[in-house]
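2 protein chains.
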Amino acid sequence: MKITPISGFPEYLPAQRIIEQHFLDVIRQTFELHGFPSIETRAVEPVDRLVGKGGDADKEIYGVTRLADRSEGRSDSDAELGLHFDLTVPFARYVLENAGHLAFPFRRHQIQKVWRGERPQEGRYREFTQADIDVVDVGELAPHFEAEMPLVIAEVFRKLPVGQMVIQVNNRKIPEGFYLGIGIEDVAGTLRIVDKLDKIGPAKVKDLLVEAGRSPEQADQCLALAAIRSEDLSFVDQVRALGVEHPTLDEGLDALAAVIQAGIDNAPGALVADLKIARGLDYYTGTVYETQLVGFESWGSFCSGGRYDSLASDGKTTYPGVGISIGVSRLLGLLIGNGLLRSSRSTPACVLVAVNDEETRAGSTRVATELRARGIPCEVAPKPAKFGKQIRYAERRGIPYVWFPGAGEQGDQVKDIRSGDQVDADPTAWEPPTQDLRPQIIRAES
Amino acid sequence: MKITPISGFPEYLPAQRIIEQHFLDVIRQTFELHGFPSIETRAVEPVDRLVGKGGDADKEIYGVTRLADRSEGRSDSDAELGLHFDLTVPFARYVLENAGHLAFPFRRHQIQKVWRGERPQEGRYREFTQADIDVVDVGELAPHFEAEMPLVIAEVFRKLPVGQMVIQVNNRKIPEGFYLGIGIEDVAGTLRIVDKLDKIGPAKVKDLLVEAGRSPEQADQCLALAAIRSEDLSFVDQVRALGVEHPTLDEGLDALAAVIQAGIDNAPGALVADLKIARGLDYYTGTVYETQLVGFESWGSFCSGGRYDSLASDGKTTYPGVGISIGVSRLLGLLIGNGLLRSSRSTPACVLVAVNDEETRAGSTRVATELRARGIPCEVAPKPAKFGKQIRYAERRGIPYVWFPGAGEQGDQVKDIRSGDQVDADPTAWEPPTQDLRPQIIRAES
Numbered sequence: 001m002k003i004t005p006i007s008g009f010p011e012y013l014p015a016q017r018i019i020e021q022h023f024l025d026v027i028r029q030t031f032e033l034h035g036f037p038s039i040e041t042r043a044v045e046p047v048d049r050l051v052g053k054g055g056d057a058d059k060e061i062y063g064v065t066r067l068a069d070r071s072e073g074r075s076d077s078d079a080e081l082g083l084h085f086d087l088t089v090p091f092a093r094y095v096l097e098n099a100g101h102l103a104f105p106f107r108r109h110q111i112q113k114v115w116r117g118e119r120p121q122e123g124r125y126r127e128f129t130q131a132d133i134d135v136v137d138v139g140e141l142a143p144h145f146e147a148e149m150p151l152v153i154a155e156v157f158r159k160l161p162v163g164q165m166v167i168q169v170n171n172r173k174i175p176e177g178f179y180l181g182i183g184i185e186d187v188a189g190t191l192r193i194v195d196k197l198d199k200i201g202p203a204k205v206k207d208l209l210v211e212a213g214r215s216p217e218q219a220d221q222c223l224a225l226a227a228i229r230s231e232d233l234s235f236v237d238q239v240r241a242l243g244v245e246h247p248t249l250d251e252g253l254d255a256l257a258a259v260i261q262a263g264i265d266n267a268p269g270a271l272v273a274d275l276k277i278a279r280g281l282d283y284y285t286g287t288v289y290e291t292q293l294v295g296f297e298s299w300g301s302f303c304s305g306g307r308y309d310s311l312a313s314d315g316k317t318t319y320p321g322v323g324i325s326i327g328v329s330r331l332l333g334l335l336i337g338n339g340l341l342r343s344s345r346s347t348p349a350c351v352l353v354a355v356n357d358e359e360t361r362a363g364s365t366r367v368a369t370e371l372r373a374r375g376i377p378c379e380v381a382p383k384p385a386k387f388g389k390q391i392r393y394a395e396r397r398g399i400p401y402v403w404f405p406g407a408g409e410q411g412d413q414v415k416d417i418r419s420g421d422q423v424d425a426d427p428t429a430w431e432p433p434t435q436d437l438r439p440q441i442i443r444a445e446s
Numbered sequence: 001m002k003i004t005p006i007s008g009f010p011e012y013l014p015a016q017r018i019i020e021q022h023f024l025d026v027i028r029q030t031f032e033l034h035g036f037p038s039i040e041t042r043a044v045e046p047v048d049r050l051v052g053k054g055g056d057a058d059k060e061i062y063g064v065t066r067l068a069d070r071s072e073g074r075s076d077s078d079a080e081l082g083l084h085f086d087l088t089v090p091f092a093r094y095v096l097e098n099a100g101h102l103a104f105p106f107r108r109h110q111i112q113k114v115w116r117g118e119r120p121q122e123g124r125y126r127e128f129t130q131a132d133i134d135v136v137d138v139g140e141l142a143p144h145f146e147a148e149m150p151l152v153i154a155e156v157f158r159k160l161p162v163g164q165m166v167i168q169v170n171n172r173k174i175p176e177g178f179y180l181g182i183g184i185e186d187v188a189g190t191l192r193i194v195d196k197l198d199k200i201g202p203a204k205v206k207d208l209l210v211e212a213g214r215s216p217e218q219a220d221q222c223l224a225l226a227a228i229r230s231e232d233l234s235f236v237d238q239v240r241a242l243g244v245e246h247p248t249l250d251e252g253l254d255a256l257a258a259v260i261q262a263g264i265d266n267a268p269g270a271l272v273a274d275l276k277i278a279r280g281l282d283y284y285t286g287t288v289y290e291t292q293l294v295g296f297e298s299w300g301s302f303c304s305g306g307r308y309d310s311l312a313s314d315g316k317t318t319y320p321g322v323g324i325s326i327g328v329s330r331l332l333g334l335l336i337g338n339g340l341l342r343s344s345r346s347t348p349a350c351v352l353v354a355v356n357d358e359e360t361r362a363g364s365t366r367v368a369t370e371l372r373a374r375g376i377p378c379e380v381a382p383k384p385a386k387f388g389k390q391i392r393y394a395e396r397r398g399i400p401y402v403w404f405p406g407a408g409e410q411g412d413q414v415k416d417i418r419s420g421d422q423v424d425a426d427p428t429a430w431e432p433p434t435q436d437l438r439p440q441i442i443r444a445e446s
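Protein chains in written order, with full-length UniProt numbering: chain X, 1 to 446; chain A, 1 to 446.
Simulated from the structure, these hints should not be mistaken for lab results. Predicted, not measured: the structure shown is a model, and the values here were computed from it. Every clue listed holds true.
If chains are identical, the list can't say which one is meant, so a pair holds when it fits in one copy or spans any two.
Here are the computed lysine-lysine pairs in the DSSO-like style, where the Cα-Cα straight-line distance is at most 30 Å:
(1) K159 x K276
(2) K2 x K316
(3) K316 x K383
(4) K206 x K276
(5) K159 x K113
(6) K204 x K276
(7) K2 x K113
(8) K386 x K316
(9) K206 x K196
Make the full structure from the sequences, and use the hints.
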């Protein structure tokens, strides 16, 4: 049977997977530093729980059925199952199912694969990994959590070798209050048009707004609001200068100022108030987040989220929350696909222990056992070939050191195969330089 | 819509997930110390690649179809997809697909979920995590890899808080040579009967062997062989004492002795030569491995594998290999389900930074930022409640320390809420004891 890749289901070679692992490790460690425990949910949900929750994702759900049931005829008592297409729908179900066992406000992170049967294209997959954090509470959620989320994300991107990532922040209450203040009542409809700004430009947005019934003056005001962007708190005065008054606008400006101030205090340079951010504002109810990789703005947002008043509800209790999700596979796919990241080696092994002959393999294995006992990843050479060949085995995988048992007058020697330096070494004491212990992820200059 | 768990798809609460993460971290770190890079394969394979590869698992495959395709009528050009039921079938396909980009002998580890539509029962799931290592080579595989595998597994189980795990090792060539030496030609059929030993006992196995055409003397010899078990090399003399001669038997005894000797040298007490191990011997061609948790032998093997002559073949090239797979979910499910493991806390946070009032929250957030910069996971209190209430918030989650900004005469103080000790502390210098930095996994005495 011929083997061909399945479009939209990417797989990495070992050296690329090391890059992915580094990203996932940094994300998890940072989420944990900020006190977000991990949960994982099953890959499947009942289809009737998935449908109607994902907007466009709805029609792209993968259904899951036992092949045996197909031929035998399914029992009607079994709910039909589908693969989850995001981590929010299963999280909402998890909170309702386990509410009695969780402590609220409940923080969690979740890093898992999700599946969508969309048409594959560059940077869009049918199977991909998302990394989410959310905080949910019972009944009410304190606003300071909206300032906390982007600090976590800023730290993730500061630690990842991606270049400069900017977190764009807006608050639903700003356009809502502003629009109401200038007499526009269809807030959601107006936001949907303003959202096209990056794609079609301000002139065409104005045309569409006027077509939709806004006056030319209202349209100009909407565009003036959307043009405001600042890394500091000056966006507040810029909005005030437009001369619009509304209590909801005041609330939104105060809330956004608090988020930006927390960024200035704890993650300088990472956040920007960007009042053109409109995506998601029709279902989020407070702060919203998007991100841009500086120099690669056309790639769009790799990390989005916001505040919602009802993640889930069981009829009696409502769970408001705030969350943000990193599109790990899309980000990695573009960075790796465009040659911007590489790994210094294709294996975790830092040392290859050479073998003189099969009779002394046991000695080489004991050296490896000693090195591992002190946390040094290593591998024993597969064959007692000529040393040049054993060195090439290491070279091919990027393993930086080859260990030669009994090569020195005092005992063993170890060679840095990049420099050629070979020195006496004791397997119970030798340590590689810290930067050689693990594979290095290298950001190519673009 | 009523929310009910889906049978066979387990989900953990955060404190249990911390136990699972600890297991997966130890497994991955140990695999990496032994120079096994990670790969992940997509969750789906073409159904015609899955069928016929999994024995009984065949009829338990989950098919995957886009709901949209079901209603629109599938295009015939799309191969039908199914969820993988193990990691070996996808690994074989990955090796064939990427052979030109891999360096052989190729080592890899793979830790992923797999799915089987089996009837769920205690310790058996429909969605579960496997952790595999394999080494494959082109054409021929050196026998020393068969001695390497159980050293990796022994180290994993030594580092995990599971109690004593014994790795039982046998070699296909021992029963094969032995059976041929006493005139039994149906090796596979005999092995299948001997495999029932633990379940039905020696008397019934003898009956079945005789029913199947073996003589009573042959049956007794088979049982005598299966009764041999030793932690050292004495199994060789015990087999010799049975007086059977065959070149394949000699090969098998030498090979098993090499594996046991490597265990004695590098992982004392972890391996046992156990000649009754028969499961899998009908498709493995050399060493086979099973494991037993001492005191819980009835739970069966949590980790099995062996040497195979052909993992994959593209018609021209054959890839022999040796591999071993840890059934992580089954092991964890039994340990956690029986109350044998618990986590010291339900969050990674080591410190809760208290908040005096909303006006000074920014100061508490800055303390948290300082602590995190030095790798200390922490969380800022959600509400400026009474300190007793903030301490109870930490207590409920098992967070061991509460930080009080400005509580001391010199500045901040930190309280160990287990002992009640409260001391002056500087967020740029204070360190918790190492054992408090991460959640501890505690093995209850059974």
